[in-house]
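There are 2 protein chains.
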Amino acid sequence: MEEGIIENLIQELTKLPGIGRKTAQRLAFFILAMTEEDAKGISRAINEVKEKARFCSECFNITETEICGICSNSSRDRSKLCVVEEPSNILVIERTGSFKGLYHTLLGALSPIDGITPERLKIRELMKRVEKDEIKEVILATNPNTKGEMTAQYIRELLKPFDVKVTRIAYGLPMGGDIEFADEVTLSKALEGRREM
Amino acid sequence: MEEGIIENLIQELTKLPGIGRKTAQRLAFFILAMTEEDAKGISRAINEVKEKARFCSECFNITETEICGICSNSSRDRSKLCVVEEPSNILVIERTGSFKGLYHTLLGALSPIDGITPERLKIRELMKRVEKDEIKEVILATNPNTKGEMTAQYIRELLKPFDVKVTRIAYGLPMGGDIEFADEVTLSKALEGRREM
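So the protein lines, in turn, are chains A and B. The numbers in the working numbering rise by one with no breaks, and the one at position 32 of the first sequence is 32. The numbers in the working numbering rise by one with no breaks, and the one at position 167 of the second sequence is 167.
Check the hints yourself; a few may be wrong.
Stated by the list, open to error - Chain A is nowhere near these chain B residues, computed Cβ spacing over 10 angstroms in every case:
(1) Gln25
(2) Leu27
(3) Ser111
Claimed, not checked - Where chain A lies over chain B, by a calculated footprint (3+ residues, C-beta under 8 angstroms):
(4) 37 to 45
(5) 83 to 92
Calculated from the structure, these hints are not laboratory results. No residue lacks a Cβ here, since even glycine has one placed at the ideal position from N, Cα and C.
Looking at chain A on its own, in the form it has when it is part of the complex (with noise of 0.2 angstroms):
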C-alpha cells in the first residue's frame, strides 16, 4: 500500500470523535469505492459548512443567513423561547415536532472552574430579547447535569423582575445525561411535562 492518498485519507478521518483507525480504514476504502459525485458530495458539504456556517443574529443558532429559518419563520410562535446551550440541541428538539416556538442558544453553560463566566454566554442577548420581545414564557432547555442546571438557576434568577413564565424543561431526561443523545419520545414527554420554576 502506497503511504499516500489513501493513509492522508485515514489519518483525517482519524480526527473524528469515536473514529479509530480500523473504522477509519473501512470507510477511506469505502470512499474510495463510491461514485466520484458521492464522494465530493461528502466533501463539499463539509466545505459548504465551513464556509458558510454562521450564528444567527437574533438565536445564535447555525445558519447561511443573517437570520436563521427558525427566527425568519412568520408561523413560529412568538410568545415561547426556548433557550439552549448549543445549536446542535435545536436540531434534537425540532425532530421531536412538540416545539413551535422560538430558540435561543447560549452558545455554552455556566462553568466558572472552566473560565465560563455569564459574559462568555449569549445570556445578555437573552435578556435584551426578553425585555424588547412579546415573550410570555423562557423555557430552559439546558443539559440536565451540574453545569446545565446552574445555568437555568442563574437564568431564572435574572428573569425574575420580568413579567414572564419561566420553565424547566422536565425530567424525563436521566440526570448526568445531556440532551443530544436523548431518544425523541423521551425529549417529547421532558418538553410536555416542563414546570414553573
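With chain A fixed as given, assemble chain B onto it according to the hints.
Showing chain B alone in chain A's frame:
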C-alpha cells in the same frame, strides 16, 4: 435549525457505512467546531483519493503513480508474491511488518453466483507475472471464507505447471471471517504459519 448546510452534511455522512443519523449529527457538529484547516484537510483528502487514486499496473494496489511504492521499492523480496483480494488487504498485511515481498491484487474473489468468473479478476495478470518474473513462492492470502478458498484452490490448480512453491496463509484467522478485521498479531502468525498446498 436551518434545514440547510448542516442537515445536508448530516445526510452526506449517513452515506458512509456504520454511520447512522445520531453519529452523523455528532460528526457534523464536531466538524462545525473544528478549525477550518482541520475540516478542509478531511474534504481535501476525500477529493484527492477520488481524483488521484488508480491501480498499480503491476499489482493492482491503489497508487497515485503508474507503479506503486511497493512494486517500485528495490529492497522488497521479488521472489515472493502475496496474492490478496483487495488493495485494503495489502494495507493490513503491511502494518504487520512481517512480509517483505511483493503483492498481487485480484480485485475480488471468485463467485460464480454473482457472475464473478476468473476473467473478471486479475488472474491472467497474475499468471503473466509468474511466467516472466523470477517468483519462487506465491502466497495465497485470499479471505478464509468460501469465495476466498475457492479462489485460492483455482489459482493453485493454474499454478501447478509452474516451478513455483504455492502456499496458503495459515488458519490463524477464524474461518468465515475477513482479513480486514484481523488483528496484527493473528495476521502475523497466519503469515508465519503458511503451508504448501
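Hint check results:
{"no.": "1", "hint": "Gln25", "result": "7 angstroms, violated"}
{"no.": "2", "hint": "Leu27", "result": "6 angstroms, violated"}
{"no.": "3", "hint": "Ser111", "result": "17 angstroms, holds"}
{"no.": "4", "hint": "37 to 45", "result": "holds (count 8)"}
{"no.": "5", "hint": "83 to 92", "result": "holds (count 6)"}
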